[in-house]
Amino acid sequence: MSILAKEKVEFRDARDHLAGVIREGGAFVPFGNGTSRIGRAQGVDLKAPDEAWDYDPSALTLTVAAGVSVETVERILAEENQRLAFEPPQMSGLLQRAGTPTIGGMVAGNLSGPRRVAVGACRDFCLGVEFIDGRGQVIKNGGRVMKNVTGLDLVKLMAGSHGTLGLITEVSLKVQPIPEVTATLELHGLSDGDAIRAMSAALGGPFDVTGAAHLREEADGTPAKTLIRLEGFESSVKARAAKVQALLSEFGESYVNWNEAETQDVWADIRDVKRFWKGLDDVWRVSVKPSEAVAAVEAVRPKDVIYDWGGNRLWLLTEQGTDVRAHLPSGHATLIRAEDETKRRLGVFPPQSPAIERISAGLRQKFDPEGKFNPGMMG
Amino acid sequence: MDMPAPQAEILARKPELIRRLQQVLPKDAVIDAPEELRAYECDALTAYRCAPLAAVLPATTEEVAGVLRICHDMGVPVVPRGSGTSLAGGALPTGDSVILGVARLRDVIEVNYPDRYIRVQTGMTNLAVTGAVESDGFFYAPDPSSQLACAIAGNIAMNSGGAHCLKYGVTTNNLLGVTMVMADGEVVEIGGAEMEAAGLDLLALICGSEGQLGVVTEATLRILPKPEGARPVLLAFDSNEVAGACVADIIRAGLMPVAIEFMDRPIIRATEDFAKAGYPDCEALLIVEAEGSEAEISDQLARIIEIAKRHKPVEIRESQSAEESGRIWLGRKSAFGAMGQMGDYICLDGTIPVGQLPYVLKRIAELSEQHGHMVGNVFHAGDGNMHPLILFNANQPGQLESAEAMGAEILKLCVEAGGCLTGEHGVGVEKRDLMGHQFAPADLEAQMAVKDVFDPNWLLNPAKVFPLDASAGRRAAE
Numbered sequence: 001m002s003i004l005a006k007e008k009v010e011f012r013d014a015r016d017h018l019a020g021v022i023r024e025g026g027a028f029v030p031f032g033n034g035t036s037r038i039g040r041a042q043g044v045d046l047k048a049p050d051e052a053w054d055y056d057p058s059a060l061t062l063t064v065a066a067g068v069s070v071e072t073v074e075r076i077l078a079e080e081n082q083r084l085a086f087e088p089p090q091m092s093g094l095l096q097r098a099g100t101p102t103i104g105g106m107v108a109g110n111l112s113g114p115r116r117v118a119v120g121a122c123r124d125f126c127l128g129v130e131f132i133d134g135r136g137q138v139i140k141n142g143g144r145v146m147k148n149v150t151g152l153d154l155v156k157l158m159a160g161s162h163g164t165l166g167l168i169t170e171v172s173l174k175v176q177p178i179p180e181v182t183a184t185l186e187l188h189g190l191s192d193g194d195a196i197r198a199m200s201a202a203l204g205g206p207f208d209v210t211g212a213a214h215l216r217e218e219a220d221g222t223p224a225k226t227l228i229r230l231e232g233f234e235s236s237v238k239a240r241a242a243k244v245q246a247l248l249s250e251f252g253e254s255y256v257n258w259n260e261a262e263t264q265d266v267w268a269d270i271r272d273v274k275r276f277w278k279g280l281d282d283v284w285r286v287s288v289k290p291s292e293a294v295a296a297v298e299a300v301r302p303k304d305v306i307y308d309w310g311g312n313r314l315w316l317l318t319e320q321g322t323d324v325r326a327h328l329p330s331g332h333a334t335l336i337r338a339e340d341e342t343k344r345r346l347g348v349f350p351p352q353s354p355a356i357e358r359i360s361a362g363l364r365q366k367f368d369p370e371g372k373f374n375p376g377m378m379g
Numbered sequence: 001m002d003m004p005a006p007q008a009e010i011l012a013r014k015p016e017l018i019r020r021l022q023q024v025l026p027k028d029a030v031i032d033a034p035e036e037l038r039a040y041e042c043d044a045l046t047a048y049r050c051a052p053l054a055a056v057l058p059a060t061t062e063e064v065a066g067v068l069r070i071c072h073d074m075g076v077p078v079v080p081r082g083s084g085t086s087l088a089g090g091a092l093p094t095g096d097s098v099i100l101g102v103a104r105l106r107d108v109i110e111v112n113y114p115d116r117y118i119r120v121q122t123g124m125t126n127l128a129v130t131g132a133v134e135s136d137g138f139f140y141a142p143d144p145s146s147q148l149a150c151a152i153a154g155n156i157a158m159n160s161g162g163a164h165c166l167k168y169g170v171t172t173n174n175l176l177g178v179t180m181v182m183a184d185g186e187v188v189e190i191g192g193a194e195m196e197a198a199g200l201d202l203l204a205l206i207c208g209s210e211g212q213l214g215v216v217t218e219a220t221l222r223i224l225p226k227p228e229g230a231r232p233v234l235l236a237f238d239s240n241e242v243a244g245a246c247v248a249d250i251i252r253a254g255l256m257p258v259a260i261e262f263m264d265r266p267i268i269r270a271t272e273d274f275a276k277a278g279y280p281d282c283e284a285l286l287i288v289e290a291e292g293s294e295a296e297i298s299d300q301l302a303r304i305i306e307i308a309k310r311h312k313p314v315e316i317r318e319s320q321s322a323e324e325s326g327r328i329w330l331g332r333k334s335a336f337g338a339m340g341q342m343g344d345y346i347c348l349d350g351t352i353p354v355g356q357l358p359y360v361l362k363r364i365a366e367l368s369e370q371h372g373h374m375v376g377n378v379f380h381a382g383d384g385n386m387h388p389l390i391l392f393n394a395n396q397p398g399q400l401e402s403a404e405a406m407g408a409e410i411l412k413l414c415v416e417a418g419g420c421l422t423g424e425h426g427v428g429v430e431k432r433d434l435m436g437h438q439f440a441p442a443d444l445e446a447q448m449a450v451k452d453v454f455d456p457n458w459l460l461n462p463a464k465v466f467p468l469d470a471s472a473g474r475r476a477a478e
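Chains B and A are the protein sequences, given in the same order.
Mapped onto our numbering, the consecutive letters of the first sequence carry residue numbers 1 to 379.
Mapped onto our numbering, the consecutive letters of the second sequence carry residue numbers 1 to 478.
You may find that some hints are simply not true.
Capping the alpha-carbon separation at 30 angstroms, the derived lysine-lysine pairs in DSSO-like fashion look like this [said to hold, decoys possible]:
(1) A/Lys309 <-> B/Lys238
(2) B/Lys238 <-> A/Lys276
(3) B/Lys274 <-> B/Lys225
(4) B/Lys278 <-> B/Lys225
(5) A/Lys226 <-> A/Lys333
(6) A/Lys412 <-> A/Lys167
(7) A/Lys167 <-> B/Lys238
(8) A/Lys226 <-> B/Lys225
(9) A/Lys309 <-> A/Lys276
(10) B/Lys243 <-> A/Lys167
(11) A/Lys362 <-> A/Lys309
(12) A/Lys362 <-> A/Lys312
(13) A/Lys167 <-> A/Lys27
(14) B/Lys225 <-> B/Lys238
(15) A/Lys309 <-> A/Lys333
(16) B/Lys225 <-> B/Lys243
(17) B/Lys243 <-> A/Lys226
(18) A/Lys276 <-> A/Lys412
Keep in mind that the hints were calculated from the coordinates and are not lab data.
No experiment lies behind these values; they were computed from the predicted model shown.
Generate the whole structure from the sequences, applying the supplied hints.
If you want it as structure tokens, here you go:
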């Protein structure tokens with residue numbers, strides 16, 4: 001059963017046309033609008049008409065053509081007071097590119113923002129996918145219901161595959177209501193180590209923390225800030241904020257910012273890594289256990305760092321050409337922004353064990369036997 | 001339901017197989033006496049039984065690897081088994097297979113509160129994982145109703161859910177990493193303790209793969225701080241449509257209760273006779289649970305009740321104490337037992353878009369009439385995961401077949417309504433032959449191609465998930 005309504009037939013035609021081109025030997029390097037692409041591939045842009053979706057607010061599900069912009073989707077969701085809970089980042093600022101990200105690119109990159117620490121990643125909100133494989137076949141997996149264990153989960157496999165397994169043409173997403181109130185609790189002047197301990201304490205209690213980030217002191221003297229986000233109904237957020245303040249009293253005085261607009265901006269900046277937009281230094285994204293985050297940063301000695309997800313995700317700003325992986329004692333690092341030469345030399349994606357490399361290569365061979373999609377993208 | 005005939009040449013090599021298995025396992029970990037193998041001839045889908053060639057109970061990853069190396073070398077199929085609670089026949093043996101049970105893999109390997117994870121051997125039960133961290137204020141979120149008995153290995157294989165996944169997600173959303181033994185005995189580490197793994201999302205493939213891709217021996221699971229408390233409200237309605245509309249309104253209002261359970265009249269009556277929970281005699285009941293601090297619960301329940309009132313419920317019963325909560329949950333929790341008292345039953349678990357609830361319930365009632373089997377519906381309404389229970393009499397010839405035929409009709413209905421065959425029980429053998437209703441040949445081919453990569457000889461959990469005709473070429477190539 002087609003999940004897009006009839007008037008979206010135009011995109012369906014485009015999809016079938018693309019499938020035909022691929023069957024006849026055409027190669028594609030899909031990258032949405034290219035705003036979030038971090039690999040070295042170049043390629044084409046897959047656009048869909050801006051009304052290609054099927055949205056059921058009372059079921060919290062949305063099916064949408066891959067070429068629709070994330071911005072458009074967020075707008076139609078907001079009209080129903082709903083949102084993409086995993087808070088997809090706009091990578092274009094950091095990558096110094098123009099354009100707006102597409103849903104297909106967001107899913108292909110499994111892009112998630114600060115709220116991922118509480119609600120899960122983009123992949124956790126992907127319910128269904130349709131894609132064209134390397135043989136030009138249209139494949140569907142998953143569906144548009146919340147719970148589905150029918151067969152193998154290719155939906156999450158496609159999420160985060162950076163377009164190396166196929167051309168995503170449509171996805172179904174789980175959405176969430178926008179809470180009544182958002183507030184941010186701030187602690188000032190903490191060391192990195194204390195900030196990690198404070199964030200772990202907050203995340204380890206029953207407070208439904210939906211963001212935990214730490215920013216170091218800035219060059220202009222703005223003090224280090226540790227930020228804890230709380231969302232929900234007003235009375236509940238107030239009660240939880242008081243509890244978190246009490247819990248974190250050993251780390252000094254804390255402030256709760258109730259200004260909705262300011263809070264939105266603060267978290268959007270962390271989400272989009274705005275602190276590192278300017279300049280030409282390299283930017284690495286590191287995944288590490290929070291308890292090992294400070295040791296990782298001390299070993300790498302970056303010029304600056306943003307701790308997100310309570311220290312599970314680090315953004316490192318490093319001197320051009322620095323091999324962060326050579327210093328990293330644990331976790332794994334992805335090279336997000338660097339000169340092409342550096343990306344070639346160090347590799348964008350972290351190396352994997354031989355067994356995992358073999359399985360991954362095996363999957364790519366099955367889905368795209370002739371290497372038509374983003375060859376060399378993920379190693 | 002067909003199963004492939006056991007391969008005579010494997011049966012003939014049983015003595016050699018047992019001898020080799022005994023070389024890598026303690027003596028009592030290799031079971032080959034027919035009377036002892038009877039314990040492994042079925043799982044919770046008891047309508048289908050077949051004794052395996054042998055059963056093994058390894059206690060370490062190395063022992064699992066040893067077993068798989070031998071079976072791979074000899075071309076013997078392996079059926080991984082958690083605690084045997086699958087309702088879909090996920091652990092049903094074939095006559096020429098070795099059952100690989102994880103019952104002796106029961107250790108907690110690491111508990112890490114600052115980083116909020118636990119690493120366990122996968123033979124641990126679901127409830128024991130929560131038990132290991134509960135006193136420190138944490139819990140493991142997926143809570144299938146078999147949680148007292150079911151193993152983490154089976155939870156991962158079936159991507160198990162539970163009543164509270166509306167808020168916390170299912171197994172795949174709570175699994176960080178695994179140690180897995182491949183079909184040829186190679187041990188691989190996938191994911192880790194970090195929130196995000198590098199490379200392709202292989203963890204997502206493993207989770208819910210029903211033992212088709214490997215045997216998971218250790219798992220790193222996300223643990224969460226326990227909420228301060230939880231309390232339900234019971235809402236009674238005089239029609240399924242109205243109850244369904246109330247569910248939709250609760251969700252639309254931005255309330256995210258941890259559970260919304262739905263029971264229809266046949267189930268309400270059955271549980272009243274059985275458990276005497278004191279439910280009102282009505283067409284449809286909702287149990288909606290809120291959690292958090294006492295003030296948060298009161299506030300949430302008040303909002304839920306306000307929405308419910310717009311739908312003119314015949315009764316509202318807000319729990320005020322642990323005892324009242326227990327009574328409200330009593331009927332729901334004894335629903336399966338109550339139906340079991342009335343006869344044998346088949347439990348389905350198709351999922352539908354929430355908006356289709358009234359239509360699907362109406363069609364199920366019509367099918368019930370048509371096929372002459374009573375059906376009770378009790379399910380997770382917030383996520384559309386239905387659980388129709390079809391009653392039949394196993395001692396009466398033809399009844400099982402007729403109940404199964406009706407079950408197949410209901411599952412096709414779920415797919416037609418925009419849903420799927422199974423929301424949390426898995427495909428196993430039970431829904432294997434219906435896969436063609438949900439997937440086109442190319443869709444199934446893509447899934448089977450994944451198995452080709454992990455298990456090129458198709459030795460793991462044979463004749464499950466994929467329709468036999470679709471997998472015939474691959475199985476013949478063994």
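A quick look at each hint next to the structure:
no. : hint                  : result
1   : A/Lys309 <-> B/Lys238 : 27 angstroms, holds
2   : B/Lys238 <-> A/Lys276 : 41 angstroms, violated
3   : B/Lys274 <-> B/Lys225 : 15 angstroms, holds
4   : B/Lys278 <-> B/Lys225 : 20 angstroms, holds
5   : A/Lys226 <-> A/Lys333 : 21 angstroms, holds
6   : A/Lys412 <-> A/Lys167 : 28 angstroms, holds
7   : A/Lys167 <-> B/Lys238 : 21 angstroms, holds
8   : A/Lys226 <-> B/Lys225 : 28 angstroms, holds
9   : A/Lys309 <-> A/Lys276 : 26 angstroms, holds
10  : B/Lys243 <-> A/Lys167 : 22 angstroms, holds
11  : A/Lys362 <-> A/Lys309 : 24 angstroms, holds
12  : A/Lys362 <-> A/Lys312 : 21 angstroms, holds
13  : A/Lys167 <-> A/Lys27  : 45 angstroms, violated
14  : B/Lys225 <-> B/Lys238 : 21 angstroms, holds
15  : A/Lys309 <-> A/Lys333 : 26 angstroms, holds
16  : B/Lys225 <-> B/Lys243 : 19 angstroms, holds
17  : B/Lys243 <-> A/Lys226 : 15 angstroms, holds
18  : A/Lys276 <-> A/Lys412 : 34 angstroms, violated
Violated hints for the displayed structure, listed by number in ascending order: 2, 13 and 18.
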